[in-house]
Amino acid sequence: MGQIILNQVTKSFGNAQVIPPLDLEINEGEFVVFVGPSGCGKSTLLRLIAGLEDTTSGHITIDGKDATTLPPAKRGLAMVFQSYALYPHMTVRKNIAFPMRMAGLDEATQTAKINAAAKALNLTDYLDRKPGQLSGGQRQRVAIGRAIVREPAAFLFDEPLSNLDAALRVGMRLEIMELHEKLSTTMIYVTHDQVEAMTMADKIVVLQAGVIEQVGSPLDLYHTPRNTFVAGFIGSPKMNLIAGPEAAKYDATTIGIRPEHMTVSKTDGTWKGVVGVAEHLGSDTFIHVHDTGLLDMMTVRIAGDIAARHGDTIYLTPATDQIHRFDTQGLRIA
Amino acid sequence: MARAISTKQKLMWTALAWAFGLLMFFPILWTFLTSFKTEATAISDPPVWFFFDWTLENYAVVQERSNYPKALMNSIIISVGSTLLGIVIAVPAAWSMAFVPGKRTKDVLMWMLSTKMLPAVGVLYPLVLLAKWLGVMDSRLLLVVVLMLINLPIIVWMLYTYFKEIPGEILEASRMDGADLRSEILYVLTPMALPGIASTILLNIILAWNEAFWTILLTTVDAAPLTAFIASFSAPEGLFYAKLSAASMMAIAPILVMGWFSQKQLVRGLTFGAVK
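Sequences listed follow chains A and B, in order. Counting along the first sequence from 1, when you hit position 68 you're at 68 in the numbering used here, and nothing is skipped either side. Counting along the second sequence from 1, when you hit position 112 you're at 112 in the numbering used here, and nothing is skipped either side.
FYI, nobody ran anything at the bench for these hints, they're computed from the structure. From a predicted model like this one, the values you see are computed outputs, not experimental measurements. Just so you know, even glycine gets a beta-carbon here, dropped at the ideal spot from N, CA and C. Do not rely on the hints blindly, as some may be mistaken.
To be verified - Residues from chain A that face chain B, not an exhaustive set, calculated with beta carbons under 7 angstroms:
id, residue
1, Leu52
2, Pro72
3, Met79
4, His89
5, Thr91
6, Pro99
7, Met102
8, Gly104
9, Tyr222
10, Gly282
11, Tyr315
12, Ala319
As the list claims (entries may be wrong) - From the structure, some residues in chain A lie toward chain B, with a derived Cβ separation under 10 angstroms:
id, residue
13, Gly51
14, Ala73
15, Leu77
16, Tyr84
17, Pro88
18, Met90
19, Arg129
20, Ala153
21, Asp158
22, Met177
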């Protein structure tokens with residue numbers, strides 16, 4: 001259960017086509033992340049799969065059945081929203097029970113499932129509270145509990161962690177991954193945060209302006225980005241993309257080198273520049289280098305700590321086997 | 001933010017507020033006082049304020065001369081009935097306008113409101129003829145339907161503004177949870193909009209209770225509510241102020257009491273959801 005196939009799916013709002021014909025196959029049990037800058041159509045795509053938006057043309061197949069025109073209630077999917085979207089007038093217990101009540105499950109089964117979900121999500125002590133009396137993390141757990149009891153073919157997450165603070169976000173991220181391991185149900189997760197995408201996904205779908213730029217495993221995208229957009233979007237800090245004569249030396253229009261694939265020296269190296277801001281994280285140091293004549297600012301990442309002061313002259317040397325080459329279209333040269 | 005207000009200013013504003021309050025309340029106070037006077041004292045010039053022989057005679061006469069319980073019952077049935085019927089029709093209408101608006105939704109809303117600007121007399125003849133043809137003149141059913149139609153734009157507008165405050169994602173969540181349209185409206189939207197629906201109901205019961213034009217013109221005996229009951233005391237024989245006042249007091253007392261106890265809801269209703 002949980003295979004979703006999109007075939008030539010499009011979506012238009014009035015005359016504006018936000019998703020041009022798009023094909024995508026999501027396999028059973030996969031953790032798929034849709035990632036892209038805001039306005040890239042990732043949420044719209046999720047809502048098309050959910051059935052909350054009508055598909056303009058094309059077909060959506062869920063577990064072999066055409067679901068294109070099915071209402072959301074009939075698709076057997078569960079969704080967790082960014083705003084949690086809990087029912088404020090119901091207690092946690094009733095919130096979690098709601099999908100089962102709609103499905104007409106008997107009381108005993110409902111109670112058993114609520115208790116199981118509450119135990120798994122550490123909500124047992126909060127079952128009789130209203131959502132308004134819970135913290136953000138607890139609310140999100142209730143939303144997940146409500147999704148779990150539905151035993152859906154797939155879980156859809158629409159930026160579920162965006163409203164949480166940084167520490168909580170990391171914790172919830174782990175919980176969701178843990179949940180995926182336990183249930184091995186298909187999960188589709190929308191985020192604009194490429195770190196979330198990299199850490200959680202089996203398969204990442206990078207979107208830009210409604211178009212899929214690349215589909216692949218996190219490491220595929222990291223090691224062999226299909227084009228300059230993916231190259232620049234995946235990885236943190238961003239890949240340095242250099243055009244011009246320096247790229248021509250490598251028979252390319254643009255070359256890309258990740259910050260972590262360069263070494264620095266105070267005395268000699270391939271590229272000379274001036275240290276701008278240095279960010280010391282303890283484990284790593286990010287140095288932003290100016291005046292290289294290649295880019296306004298190049299970023300280099302050095303493991304551990306390094307003494308680099310603003311205004312120092314610095315030399316960068318790329319690991320040549322880690323240079324990515326792109327043609328005039330911005331596409332990868334093999 | 002606490003703004004510094006001097007005691008003098010405070011006093012001035014308080015006095016002004018009281019003056020306005022008393023001004024607004026004065027007609028009711030005067031009616032109340034008059035209802036305990038004899039007909040002679042009621043029209044005495046200069047008017048007497050508090051020092052007269054208080055009498056309950058007017059109330060007794062009014063009770064004797066007309067059927068107050070029946071008029072009261074008619075008022076209750078007509079105002080509550082028309083409001084509830086209106087709610088049943090307006091909830092789905094407001095739902096669709098608030099959550100699945102079309103290109104013309106705003107126009108429809110404005111058009112509905114524009115019907116409130118139509119002079120009621122304009123449709124008096126067609127309506128009377130229609131009612132006669134259907135054989136429903138002087139029936140509670142007719143008044144329930146007519147008052148419902150008259151207040152429907154207000155009910156839809158009020159519900160629409162309340163529904164707009166409800167995040168659409170929660171309704172979407174219910175759809176994902178397997179709720180059909182009926183369950184979505186019944187179990188999710190309505191409970192969340194309950195405070196809004198309650199104040200809409202309260203305000204419209206009051207509007208329907210006080211509606212005098214149609215209730216007087218479309219009824220004679222059987223369906224005559226309290227408005228007609230009051231009007232019957234400004235009879236051809238001339239005005240009997242004291243009895244008219246007693247009848248008025250009896251007519252407005254129930255709604256006054258209801259309004260008193262639901263002040264909070266009413267204020268919310270009157271501000272059309274602007275104050276959260």
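Going through the hints against the structure:
{"no.": "1", "hint": "Leu52", "in the structure": "holds, 5 angstroms"}
{"no.": "2", "hint": "Pro72", "in the structure": "holds, 4 angstroms"}
{"no.": "3", "hint": "Met79", "in the structure": "holds, 4 angstroms"}
{"no.": "4", "hint": "His89", "in the structure": "holds, 4 angstroms"}
{"no.": "5", "hint": "Thr91", "in the structure": "violated, 12 angstroms"}
{"no.": "6", "hint": "Pro99", "in the structure": "holds, 4 angstroms"}
{"no.": "7", "hint": "Met102", "in the structure": "holds, 4 angstroms"}
{"no.": "8", "hint": "Gly104", "in the structure": "violated, 9 angstroms"}
{"no.": "9", "hint": "Tyr222", "in the structure": "violated, 33 angstroms"}
{"no.": "10", "hint": "Gly282", "in the structure": "violated, 40 angstroms"}
{"no.": "11", "hint": "Tyr315", "in the structure": "violated, 53 angstroms"}
{"no.": "12", "hint": "Ala319", "in the structure": "violated, 47 angstroms"}
{"no.": "13", "hint": "Gly51", "in the structure": "holds, 8 angstroms"}
{"no.": "14", "hint": "Ala73", "in the structure": "holds, 4 angstroms"}
{"no.": "15", "hint": "Leu77", "in the structure": "holds, 7 angstroms"}
{"no.": "16", "hint": "Tyr84", "in the structure": "holds, 9 angstroms"}
{"no.": "17", "hint": "Pro88", "in the structure": "holds, 7 angstroms"}
{"no.": "18", "hint": "Met90", "in the structure": "holds, 8 angstroms"}
{"no.": "19", "hint": "Arg129", "in the structure": "violated, 17 angstroms"}
{"no.": "20", "hint": "Ala153", "in the structure": "violated, 12 angstroms"}
{"no.": "21", "hint": "Asp158", "in the structure": "holds, 9 angstroms"}
{"no.": "22", "hint": "Met177", "in the structure": "violated, 22 angstroms"}
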